[in-house]
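Number of protein chains: 2
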Amino acid sequence: MKVAVLGFGVVGQGVYEMLRTCPLFEAGPVLVRPGKADAPFKVDDIEKIVNDESVDAVAEVMGGVDVAYAYGVKALKAGKHFVTSNKALVSAKGVELDALAREKGVGFLFSAACGGAVPFLHNLELARQSDDIEALGGILNGTTNYMLDRMQSEGLGYEEALSEAQALGYAEADPTADVTGLDALRKIMLGCAVAYDRLPVEGLYNEGIDSLTAADVAHFQGKGLTCRLLAKGGLAEGKLYAYVQPALLPADAPECAVKKNFNMAKYLGKNSGQIVLMGQGAGRYPTASAVIRDLECIRFGQREMLHELCEYSKAENDGCLCTYYVRMPKACVAEFELAESEAQGGAVYAITKPISVKAMHEKVRALRKGGMPIFFAEI
Amino acid sequence: MKVAVLGFGVVGQGVYEMLRTCPLFEAGPVLVRPGKADAPFKVDDIEKIVNDESVDAVAEVMGGVDVAYAYGVKALKAGKHFVTSNKALVSAKGVELDALAREKGVGFLFSAACGGAVPFLHNLELARQSDDIEALGGILNGTTNYMLDRMQSEGLGYEEALSEAQALGYAEADPTADVTGLDALRKIMLGCAVAYDRLPVEGLYNEGIDSLTAADVAHFQGKGLTCRLLAKGGLAEGKLYAYVQPALLPADAPECAVKKNFNMAKYLGKNSGQIVLMGQGAGRYPTASAVIRDLECIRFGQREMLHELCEYSKAENDGCLCTYYVRMPKACVAEFELAESEAQGGAVYAITKPISVKAMHEKVRALRKGGMPIFFAEI
Numbered sequence: 001m002k003v004a005v006l007g008f009g010v011v012g013q014g015v016y017e018m019l020r021t022c023p024l025f026e027a028g029p030v031l032v033r034p035g036k037a038d039a040p041f042k043v044d045d046i047e048k049i050v051n052d053e054s055v056d057a058v059a060e061v062m063g064g065v066d067v068a069y070a071y072g073v074k075a076l077k078a079g080k081h082f083v084t085s086n087k088a089l090v091s092a093k094g095v096e097l098d099a100l101a102r103e104k105g106v107g108f109l110f111s112a113a114c115g116g117a118v119p120f121l122h123n124l125e126l127a128r129q130s131d132d133i134e135a136l137g138g139i140l141n142g143t144t145n146y147m148l149d150r151m152q153s154e155g156l157g158y159e160e161a162l163s164e165a166q167a168l169g170y171a172e173a174d175p176t177a178d179v180t181g182l183d184a185l186r187k188i189m190l191g192c193a194v195a196y197d198r199l200p201v202e203g204l205y206n207e208g209i210d211s212l213t214a215a216d217v218a219h220f221q222g223k224g225l226t227c228r229l230l231a232k233g234g235l236a237e238g239k240l241y242a243y244v245q246p247a248l249l250p251a252d253a254p255e256c257a258v259k260k261n262f263n264m265a266k267y268l269g270k271n272s273g274q275i276v277l278m279g280q281g282a283g284r285y286p287t288a289s290a291v292i293r294d295l296e297c298i299r300f301g302q303r304e305m306l307h308e309l310c311e312y313s314k315a316e317n318d319g320c321l322c323t324y325y326v327r328m329p330k331a332c333v334a335e336f337e338l339a340e341s342e343a344q345g346g347a348v349y350a351i352t353k354p355i356s357v358k359a360m361h362e363k364v365r366a367l368r369k370g371g372m373p374i375f376f377a378e379i
Numbered sequence: 001m002k003v004a005v006l007g008f009g010v011v012g013q014g015v016y017e018m019l020r021t022c023p024l025f026e027a028g029p030v031l032v033r034p035g036k037a038d039a040p041f042k043v044d045d046i047e048k049i050v051n052d053e054s055v056d057a058v059a060e061v062m063g064g065v066d067v068a069y070a071y072g073v074k075a076l077k078a079g080k081h082f083v084t085s086n087k088a089l090v091s092a093k094g095v096e097l098d099a100l101a102r103e104k105g106v107g108f109l110f111s112a113a114c115g116g117a118v119p120f121l122h123n124l125e126l127a128r129q130s131d132d133i134e135a136l137g138g139i140l141n142g143t144t145n146y147m148l149d150r151m152q153s154e155g156l157g158y159e160e161a162l163s164e165a166q167a168l169g170y171a172e173a174d175p176t177a178d179v180t181g182l183d184a185l186r187k188i189m190l191g192c193a194v195a196y197d198r199l200p201v202e203g204l205y206n207e208g209i210d211s212l213t214a215a216d217v218a219h220f221q222g223k224g225l226t227c228r229l230l231a232k233g234g235l236a237e238g239k240l241y242a243y244v245q246p247a248l249l250p251a252d253a254p255e256c257a258v259k260k261n262f263n264m265a266k267y268l269g270k271n272s273g274q275i276v277l278m279g280q281g282a283g284r285y286p287t288a289s290a291v292i293r294d295l296e297c298i299r300f301g302q303r304e305m306l307h308e309l310c311e312y313s314k315a316e317n318d319g320c321l322c323t324y325y326v327r328m329p330k331a332c333v334a335e336f337e338l339a340e341s342e343a344q345g346g347a348v349y350a351i352t353k354p355i356s357v358k359a360m361h362e363k364v365r366a367l368r369k370g371g372m373p374i375f376f377a378e379i
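Sequence lines, in order, name chains A and B. The opening position of the first sequence corresponds to residue 1 in our numbering, with each subsequent residue numbered one higher. The opening position of the second sequence corresponds to residue 1 in our numbering, with each subsequent residue numbered one higher.
These aren't lab readings, by the way, just hints derived from the structure by calculation. Keep in mind that a hint or two might mislead.
Pairs of lysine-lysine residues, derived as DSS-like cross-links and limited to a Cα-Cα distance of at most 25 Å, are as follows [unchecked claim]:
1. B:Lys260 to A:Lys270
2. A:Lys270 to B:Lys2
3. B:Lys260 to A:Lys259
4. A:Lys223 to A:Lys353
5. A:Lys270 to B:Lys259
6. A:Lys2 to B:Lys270
7. A:Lys259 to B:Lys259
8. A:Lys358 to A:Lys239
A short, non-exhaustive set of chain B residues, derived as facing chain A with CB atoms under 8 Å [stated by the list, open to error]:
9. Leu126
10. Pro254
11. Gly273
12. Phe300
13. Gln302
A virtual CB, placed ideally from N, CA and C, is assigned to each residue, including glycine.
Build out the structure end to end from the sequences listed, making use of the hints.
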């Protein structure tokens, strides 16, 4: 199988190298946009790839939505299998790409878009065919897990932890999507699409770690609690929920054993029970290995990761009740129904009574608009 | 796809139920041996299944080697796909069954034979196609993990823990294969066959937990150490190693977060890095879900889990050096090169200097023949 690669950045170079050395595949042309790094078999025009009859499959690892989508459409229309590691693309355009792939009888797989090397979507798709997936989620963003681990184990501040993650290549120059939870949200959107045939694009909530301070970390550690950023999706009374928010966990929770930039993805099958998968969620070869895995699955006949019934949908997070640990200015205390609270260093740390995910996220959003600095996490 | 089931015990009933309710499959006849429990579509003669042209695949979940092998051969010769959860069968006869399946162009998959619901062999096989697997293993036996967890968290003695495991259905009436590490050894044999095309049948060593006492557990806990039974396989300087032995781990080791009858299986890929999979290693529906997963993979075109080059082989464990924590009678102390030792309650607890797995297992075997009660674990 000859595979063209779109993009020659960190992951693209890994994919190309694995294609070159694996006897199952042949490395095809690499699309590099004008002005970008040089590559072997470099082409600068997608038409040269889609018109190349020797190319069987296209691996998209360039990122972004609009251009990647246009190229994906061209590749599929030309009858080429299409695999991608691009979670922004699939969360925005997955249903269209899947319909086109089905029409053309070619494969459209994207397990590298969620969890890097962790074979989460692949196994979730296999499981959902014969099992009822009751819930899914976990630690799906390695950048923030690295930062949390460093803040908690070394007492680093948020900015220090971010700089370190950037220096190590774990965080991008613009880390917004990672630190706000948007990246993890896109991944849980894909998980819901695979598990439930519904790709939620409305009613979603994501809270990241960009409000967390070293003082917060010290306070929570004093209570024996460790912070992790968790993505959650599932069905509750037939309603789809999907959200991302920090959680404070006791030290012996399995999530606390997930260190550095590792991911931990889980699903709960009615028959299988809880299945947990861990590994590196990003990086050149880990992510490339997932792209190659999708190509292997296409080689032995798999064609779809989304099923024919899959459609864009909305999440309903008003039925998900959580108890939250909140750090806020004294002026905000009256805004919440609290079970307990404690003043510390000019702020108040408090535990709410159960409140829905939707209500909590919207309340904090409104208070922040009024200039109130708040951190909150499920407990 | 119509699937016949061989065996109607704990797992067979789960497989039948999942076949009956999953729209991808049709439940075919169930072979129940004379005198055994009743079943729907019961037949008592394998010929009725292999001669039934409407049957596409056979799922063997009856256990044992000789009869299961004879039936597997008949099914494959009749051109039916063959899936099995039977680790004793595949570790003894996997190469022959695979060759026959290849000759007939049908599928032979057995991911349920290692790890129950944990999709270990499936993902290992996908990974090894494009990656170098540097090592594999983990906690592959749920019975002993349950017993260790109970001995360590509740202070139960060995016999109490075993009785409890039997009462809960986690251990069989004859628990020998589990508690001696033979069951875990068979699973690591299968892992090596999938990863390296070599199914080791000689030079293997397995030490279980049947020498562990409540006093040992208390002693190790006093040192901050938790016992787990680990299976390990891999290549070291081109030589295949494969063995099972207890290990004493610090409390924050990820293995210590594996509770009750759960399994934790790992592989280290050169490209993917460390991949860890956890879930229930046994039980009706967890194991049935793995049998069904294999059938799904056959449905979309996968045919093999062992590759054509796979052959019976031997393990060489003389190059694997470990440091061991040993509990022994004073009379044995001179038999080991020790780094430190401590007398306690009539016995000696000691830490050896590095010694090969082969030398250690053989030394203890010889001393036990002389009546010496010894427990040892890697540290």
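A quick look at each hint next to the structure:
A hinted pair counts as satisfied when its Cα atoms are at most 25 Å apart, and lysine 260 (chain B) with lysine 270 (chain A) qualifies at roughly 19 Å. For the hint linking lysine 270 (chain A) to lysine 2 (chain B), the alpha-carbon distance of about 23 Å falls within 25 Å, and the restraint holds. Pair hint lysine 260 (chain B) plus lysine 259 (chain A) holds up; C-alpha atoms about 23 Å apart against a cutoff of 25 Å. With a CA separation close to 18 Å, the supplied pair lysine 223 (chain A) and lysine 353 (chain A) stays within the 25 Å bound.
Taking the CA atoms of lysine 270 (chain A) and lysine 259 (chain B), the gap is near 20 Å; set against the 25 Å cutoff, the hint holds. As the CA atoms of lysine 2 (chain A) and lysine 270 (chain B) are separated by approximately 23 Å, the hinted pair is consistent with the 25 Å bound. Taking the CA atoms of lysine 259 (chain A) and lysine 259 (chain B), the gap is near 19 Å; set against the 25 Å cutoff, the hint holds. Distance hint between lysine 358 (chain A) and lysine 239 (chain A) is fulfilled; the C-alpha atoms sit about 14 Å from each other, no more than 25 Å.
With its C-beta approaching chain A no nearer than about 5 Å, leucine 126 (chain B) sits inside the 8 Å limit, and its interface hint holds. Hint on proline 254 (chain B) holds. Least Cβ distance to chain A is approximately 5 Å, under the 8 Å limit. Below 8 Å, beta-carbon pairs count as interface contacts, and glycine 273 (chain B) has one with chain A at about 5 Å; its hint therefore holds. A least Cβ separation of about 5 Å between phenylalanine 300 (chain B) and chain A falls short of the 8 Å threshold, and the interface hint therefore holds.
Interface hint at glutamine 302 (chain B): satisfied, since its Cβ lies 5 Å from the closest Cβ of chain A, which is below the 8 Å cut-off.
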